[in-house]
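Colleague: Top line first, the protein sequences correspond to chains H and B. Using our numbering, read the first sequence as starting at 1 and increasing by one per residue. Using our numbering, read the second sequence as starting at 454 and increasing by one per residue.
Covered stretches of chain B, going by a simulated chain H footprint (3 or more residues, C-beta under 8 Å): (1) 509-519; (2) 649-663; (3) 685-692.
Now the stretches of chain H that chain B is said to cover, found in silico as 3 or more residues with beta-carbon under 8 Å: (4) 49-63; (5) 205-213.
Source of the hints: derived by calculation from the structure; they are not laboratory data. Cβ atoms here follow ideal geometry from the backbone N, Cα and C, with glycine treated the same way.
2 protein chains.
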Amino acid sequence: MTQTPPTSSDTVTRTLARYIVQSRYEDIPKSVVHEASRALLNWMGCAIGAARHDTVNFALDAFAPFFGPAQAQVVGRSERADVLHAALLNGISSHVLDFDDTHYRTVHPSAPVMPVVLALAEWRRFTGEQLIHAFVVGVEAEVRIALSVFPEHYDRGWHITGTAGIFGAAAAAGKLLGLDEKQMTWALGIAATQSSGLREMFGSMCKSFHPGHAAQSGLAAAFMAERGYTSSDRALEAPRGFGRVMSSRFDPDVITAPWGERYELAQNMYKPFACGLVVHAVIDGCLQLRREHAPEAAQIESIQATVSPLVLELTGKRTPMTGLEGKFSVYHALAVAIIQGAAGEAQFSTEAVRSPEVVALRERVSAVVDPKMRKLEGRVRIVLRDGRVLDRHISEALGTLAHPMSDQDLEEKFRGLVQAILPDDQANALIQACWDLPQLGDAGTIARLAATA
Amino acid sequence: MTQTPPTSSDTVTRTLARYIVQSRYEDIPKSVVHEASRALLNWMGCAIGAARHDTVNFALDAFAPFFGPAQAQVVGRSERADVLHAALLNGISSHVLDFDDTHYRTVHPSAPVMPVVLALAEWRRFTGEQLIHAFVVGVEAEVRIALSVFPEHYDRGWHITGTAGIFGAAAAAGKLLGLDEKQMTWALGIAATQSSGLREMFGSMCKSFHPGHAAQSGLAAAFMAERGYTSSDRALEAPRGFGRVMSSRFDPDVITAPWGERYELAQNMYKPFACGLVVHAVIDGCLQLRREHAPEAAQIESIQATVSPLVLELTGKRTPMTGLEGKFSVYHALAVAIIQGAAGEAQFSTEAVRSPEVVALRERVSAVVDPKMRKLEGRVRIVLRDGRVLDRHISEALGTLAHPMSDQDLEEKFRGLVQAILPDDQANALIQACWDLPQLGDAGTIARLAATA
Chain H
1 MTQTPPTSSD
11 TVTRTLARYI
21 VQSRYEDIPK
31 SVVHEASRAL
41 LNWMGCAIGA
51 ARHDTVNFAL
61 DAFAPFFGPA
71 QAQVVGRSER
81 ADVLHAALLN
91 GISSHVLDFD
101 DTHYRTVHPS
111 APVMPVVLAL
121 AEWRRFTGEQ
131 LIHAFVVGVE
141 AEVRIALSVF
151 PEHYDRGWHI
161 TGTAGIFGAA
171 AAAGKLLGLD
181 EKQMTWALGI
191 AATQSSGLRE
201 MFGSMCKSFH
211 PGHAAQSGLA
221 AAFMAERGYT
231 SSDRALEAPR
241 GFGRVMSSRF
251 DPDVITAPWG
261 ERYELAQNMY
271 KPFACGLVVH
281 AVIDGCLQLR
291 REHAPEAAQI
301 ESIQATVSPL
311 VLELTGKRTP
321 MTGLEGKFSV
331 YHALAVAIIQ
341 GAAGEAQFST
351 EAVRSPEVVA
361 LRERVSAVVD
371 PKMRKLEGRV
381 RIVLRDGRVL
391 DRHISEALGT
401 LAHPMSDQDL
411 EEKFRGLVQA
421 ILPDDQANAL
431 IQACWDLPQL
441 GDAGTIARLA
451 ATA
Chain B
454 MTQTPPTSSD
464 TVTRTLARYI
474 VQSRYEDIPK
484 SVVHEASRAL
494 LNWMGCAIGA
504 ARHDTVNFAL
514 DAFAPFFGPA
524 QAQVVGRSER
534 ADVLHAALLN
544 GISSHVLDFD
554 DTHYRTVHPS
564 APVMPVVLAL
574 AEWRRFTGEQ
584 LIHAFVVGVE
594 AEVRIALSVF
604 PEHYDRGWHI
614 TGTAGIFGAA
624 AAAGKLLGLD
634 EKQMTWALGI
644 AATQSSGLRE
654 MFGSMCKSFH
664 PGHAAQSGLA
674 AAFMAERGYT
684 SSDRALEAPR
694 GFGRVMSSRF
704 DPDVITAPWG
714 ERYELAQNMY
724 KPFACGLVVH
734 AVIDGCLQLR
744 REHAPEAAQI
754 ESIQATVSPL
764 VLELTGKRTP
774 MTGLEGKFSV
784 YHALAVAIIQ
794 GAAGEAQFST
804 EAVRSPEVVA
814 LRERVSAVVD
824 PKMRKLEGRV
834 RIVLRDGRVL
844 DRHISEALGT
854 LAHPMSDQDL
864 EEKFRGLVQA
874 ILPDDQANAL
884 IQACWDLPQL
894 GDAGTIARLA
904 ATA
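Put together the whole structure using the sequences plus the hints.
Modeller: Structure (structure tokens):
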């Protein structure tokens, strides 16, 4: 470790800047390096899978007349753009499906940071190691800052993936650009003064705009600081700084805690199913029983779920009519999981929601609340017409820290997301490049593999 | 008037959007139209005068690699950029000298809005009338929203010229783009979710970044809404919307008050002197006495100022060493005003502050506080060596609403700001174009006249 510990004269912002500047790749544990590959593969699937969504189309149409030189790839599409617009658009597509990664307590860490390191790596030809290092450092900065104000800041109405994500973007970009401590302090300050994103936007396209805006604006902050554009040296901790203006509680110690003893990226979770976390336990249970017993829908008398109270509150829709409504129906989720053996985007399409076979089974799904159940716990009982009962209790759903998705699970999720967009051989090459990331001499390879014809 | 009044089912954001969409140029009083010309002339002088400042140089260097097509002029310079970057850079230069206009209660109204209407007018060839209309509407939206949360929002630590300015930028751009009511509602929402700017940044280059960021991001919001990018319909008034997340008080009635009965642009003030408002009364007094009596510095025994308490608190620096420090010295301000007959940027240069003649007179300037004096009130007594006493009490300084700068004053201020940057004939043509603005068939003329060779 080469980190200089904070001294009493240090400010919070400056201490964080110094940590970022002094961080060394060699100090990052192999498991965390591998987690960066996993995060990249998961992020890529989400971003490519959403790349043709109207949310991305409309933003691309709006900004295309202002694109600068073709420096970086818009993933899952044929268009290229300057790095700022590429970061914006890839940040938007990251979050459209709500299928991106989640730090166990706070933000969606990759959405504001990965688009920045990817665009910069492609433009300036950074190595895989450099990309990983900047990503790990960016996630560390964003999650520490998020934790310093969570949950009060979120409760007040701020979408923390945007408001804290911008610091991750600035830190990661600043690391790749080789900013010194003073410049990095300014980059964090320029990020702080653009930090924004209201939870009121949930339910509109602006929810996905937040990580895109964070990526673009954090990247811009690093470019500005690199040129000498000054900011406050105390942007996080000052009485009129980020922590106190944007939250009723601010704990600077989370930010200045010793660096390198643990990495927040190690606390990263990936969603296996394309709907809200609360339904994941019972979906997981159904898929396990299906793998083991392969029940046909026609054989099934009923499916009985026992769930935490939040499940019916959030996903109690009995008769969904669209793919989006299907995500808010535990009944649909379990029926489609049994019939199709999956719960990805395809299973939450309008077509799947209206499939007669799925609708017929959905009507035989029931759910009862057990107030003692935890949020990510659940139980399913499948009663077959021949009298057999298949039963499974899930204490921690797949995708939680206690029961993480395997590398193989992540590959399958990726393939499901990109199958309609990339040819199989290209998808395979992209998967391989993610796993090979630490060895890549030119990390821009990854971005180019995410282009469509 | 063609405005549809709000009904009980209207939301605040939607009502404002409808006002903006339904506004007609014919309804704007001639005096307000002329105020737009005055605001433009004043804004141009400030932006051109600052165009070679490091704050602008550094931002331009940072963003130049990402410029899109050369759609709009960076004023006071030779560079052209896409409209988003032009709006950003011209927004920054607006505020660098802290010499731009001030709504009598809240924001610096032109800095976030003028760069947007100017860039769009140039790119899309709007007329002078269209530019004026969009500017008036933008200022109205930004000031109403500012008033709905002022002063609590500002007291919490938000730089209101940035946080409210973004709405003005979005409204003005949306008006020029011809958005319908739904799109305008979204544009205001996309603006709300980017609203940012911390007062902690005061004293750094980021203070000027705020109106630039507001201009660029508000313009982007209008482009996105034009393409169908959705937002909340209740971005201002919702429990997790702008008003309640970013302020401890929110008064929606200021926003939905009938439109067109008065215009906030009519409450606009222009600073005659290149320093803080509190010193303006006594500078004004000195300049009046100089015009009437033309005292030579050598004849002056002493200058005695009587001022409000804030003056010594903010500008009590006895021995300034730089131009910037000179702005915080009432002693320097009065000495240089008597000797040079002005108090513009040139009088607050380091050269002026160190001039032996100014320093010698400065030492004979005294200031005493009269707690009964109001903020913009002041008195000066000049005691001459021959025993005469010149005395002037100023109840409202030049530049206040009670004593506004004349069109001629604004021309002189403009000439002083641009003299080192534009040739005289170009400066004259630009002045004339500002006065002729309502008749211009192509308002882009203005921007092109602000280019340097």
